[in-house]
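Protein chains: 2
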Amino acid sequence: METPIKREATCEQELAAIRDSLEILGGKWKLRIMRYLNNHIDEKNTFKKIQREVEGISAKMLSKELRELEINLLVTRTVMETRPVTVNYAMTEYGLSVFPVTETLVDWGLNHREKIK
Amino acid sequence: METPIKREATCEQELAAIRDSLEILGGKWKLRIMRYLNNHIDEKNTFKKIQREVEGISAKMLSKELRELEINLLVTRTVMETRPVTVNYAMTEYGLSVFPVTETLVDWGLNHREKIK
DNA sequence: GTTATCGGTTAACTAATGGTTACCGGTTAC
DNA sequence: GTAACCGGTAACCATTAGTTAACCGATAAC
Chain A
3 METPIKREAT CEQELAAIRD SLEILGGKWK LRIMRYLNNH IDEKNTFKKI
53 QREVEGISAK MLSKELRELE INLLVTRTVM ETRPVTVNYA MTEYGLSVFP
103 VTETLVDWGL NHREKIK
Chain B
3 METPIKREAT CEQELAAIRD SLEILGGKWK LRIMRYLNNH IDEKNTFKKI
53 QREVEGISAK MLSKELRELE INLLVTRTVM ETRPVTVNYA MTEYGLSVFP
103 VTETLVDWGL NHREKIK
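First to last, the sequence lines map onto chains A and B.
Residues in the first sequence are numbered consecutively from 3, following this note's numbering.
Residues in the second sequence are numbered consecutively from 3, following this note's numbering.
Hints are not guaranteed to be accurate.
Pairs involving identical chains hold if they fit within one copy or between any two copies, as the list cannot separate such chains.
[Unchecked claim] Taking lysine-lysine and the DSSO-like style, the derived pairs with C-alpha atoms no more than 30 angstroms apart in a straight line are:
#1 K30 with K62
#2 K51 with K66
#3 K30 with K66
#4 K30 with K119
#5 K30 with K117
#6 K66 with K117
#7 K66 with K119
#8 K117 with K46
#9 K50 with K66
#10 K66 with K46
#11 K62 with K51
#12 K46 with K62
#13 K119 with K46
#14 K119 with K50
#15 K50 with K62
No lab work stands behind these hints, which were simulated from the structure alone.
Hey, can you work out the whole structure from these sequences and the hints?
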C-alpha cells in the first residue's frame, strides 16, 4: 500500500475526484468484491467461492464486475491448470489502495446500524 | 463528529455493512452533495447554489437526493422567510460522520487521476 | 408589461443496472 | 449412465437511475 499523500484541492476538484472514483468503484457490487478479496488476500479466490461469499450476486454480475475491475488494474485473473480448471482472482498491488475506501464504508455502515437500532 | 470506534466484524458482517452504507450513500450524487455541504458548512446553501456547484445535476435529481438525505437525517431543510423565499440545506451533526467516506474517495480519485496520467 | 430568480414538480423518455433461466464443454464422484 | 461442480455466456425481462424540457406561483427588477 502507498503512503498517503496529502493533497490540496478546490471543492470543484474534490467533487470531480469523487465522480472519478465512483465511475470505477461505484455500483452495488464492486466495493464488496474488493473488500472480500482484501480479506482473503492469501487464499485462492475462485469464481464460485467469491460468488458464495459475496451474498446475493449472480454469476452474470460477478463476471461483469470482475472484468471491469480487471480492466482498471485492480484485480488479476489467472486460469489455474487444476482439474477441473479453476480461475483465481486476486487483488493487485494497486487494488490495495482501495482498502481505505471500503474501511470507511464498513465503519459507517456498522455505526449506522447501531444508530438506527 | 464522533470519536471513531474500532469494531470487530466478520467478513460477512463487513460486506453487509458496505451494503447498508451504499443503500443510503450510493448512487451518482449523494456523496458529492454531502461533500459540497461539508465544504460550505458555515454558509447558506440554497437549492440553486447547490445545483450550480454540484456540476451536472438536474433539479429533479437534486430535489430527490436531498429528500432522501433528509429522510436519513443527514441533511436538514429549512425554509427561510426571505423574499423571494429561499430554502437552506445544511448538514446535520450526524451528516458529519460521512466525512471520512468522502475523504477517502477524494484521495483515491485524485491519486487515480495521477496514476492513469 | 416583461423578464428573471427562487424552489421546485411533472411527464416523457433513454440508459444503465440487475435478475432469471437456460445452457455450454469438460471433469469427477457415485 | 447420471448427477454435480467448475467458470462462465446468451437471451430476455423488469426495475431503477438519470436526463430533458416544460411548467408552476410568488416576488422582484427594469
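Hint check results:
With identical chains, the CA atoms of K30 and K62 are at most 30 angstroms apart both within one copy (13 angstroms) and between copies (23 angstroms). Taking the shortest Cα distances, K51 and K66 sit within 30 angstroms of each other inside one copy (16 angstroms), while across copies they are farther apart (38 angstroms). For the identical chains of this complex, K30 and K66 are neighbours both inside a copy (12 angstroms) and across copies (19 angstroms), given an alpha-carbon limit of 30 angstroms. In this homomeric assembly, K30 and K119 come within 30 angstroms of each other (Cα to Cα) both inside a single copy, at 24 angstroms, and across copies, at 27 angstroms.
With identical chains, the CA atoms of K30 and K117 are at most 30 angstroms apart both within one copy (23 angstroms) and between copies (25 angstroms). Proximity of K66 and K117 under a CA criterion of 30 angstroms is satisfied inter-copy only: 23 angstroms between copies versus 34 angstroms inside one chain copy. In this assembly of identical chains, K66 and K119 lie within 30 angstroms of each other by CA distance solely across copies; the values are 25 angstroms between and 35 angstroms within a copy. With identical chains, the CA atoms of K117 and K46 are at most 30 angstroms apart between copies only, with a shortest distance of 28 angstroms across copies and 36 angstroms within one.
Taking CA atoms no more than 30 angstroms apart as the test, K50 paired with K66 passes inside one copy only; the shortest distance there is 14 angstroms, against 38 angstroms between copies. Proximity of K66 and K46 under a CA criterion of 30 angstroms is satisfied intra-copy only: 20 angstroms inside one chain copy versus 43 angstroms between copies. Proximity of K62 and K51 under a CA criterion of 30 angstroms is satisfied intra-copy only: 15 angstroms inside one chain copy versus 41 angstroms between copies. Within a single copy, K46 and K62 get their C-alpha atoms as close as 21 angstroms, which meets the 30 angstroms cut-off; across copies the closest is 46 angstroms, which misses it.
Taking the shortest alpha-carbon separations for K119 and K46, neither the intra-copy value of 37 angstroms nor the inter-copy value of 32 angstroms comes in at or below 30 angstroms. Taking CA atoms no more than 30 angstroms apart as the test, K119 paired with K50 passes in neither setting, with 34 angstroms inside one copy and 35 angstroms between copies. Only within a single protomer do K50 and K62 lie at most 30 angstroms apart by alpha-carbon distance; the minimum there is 12 angstroms, versus 41 angstroms between protomers.
Checked against the numbered hints above, the structure violates hints 13 and 14; every other hint is satisfied.
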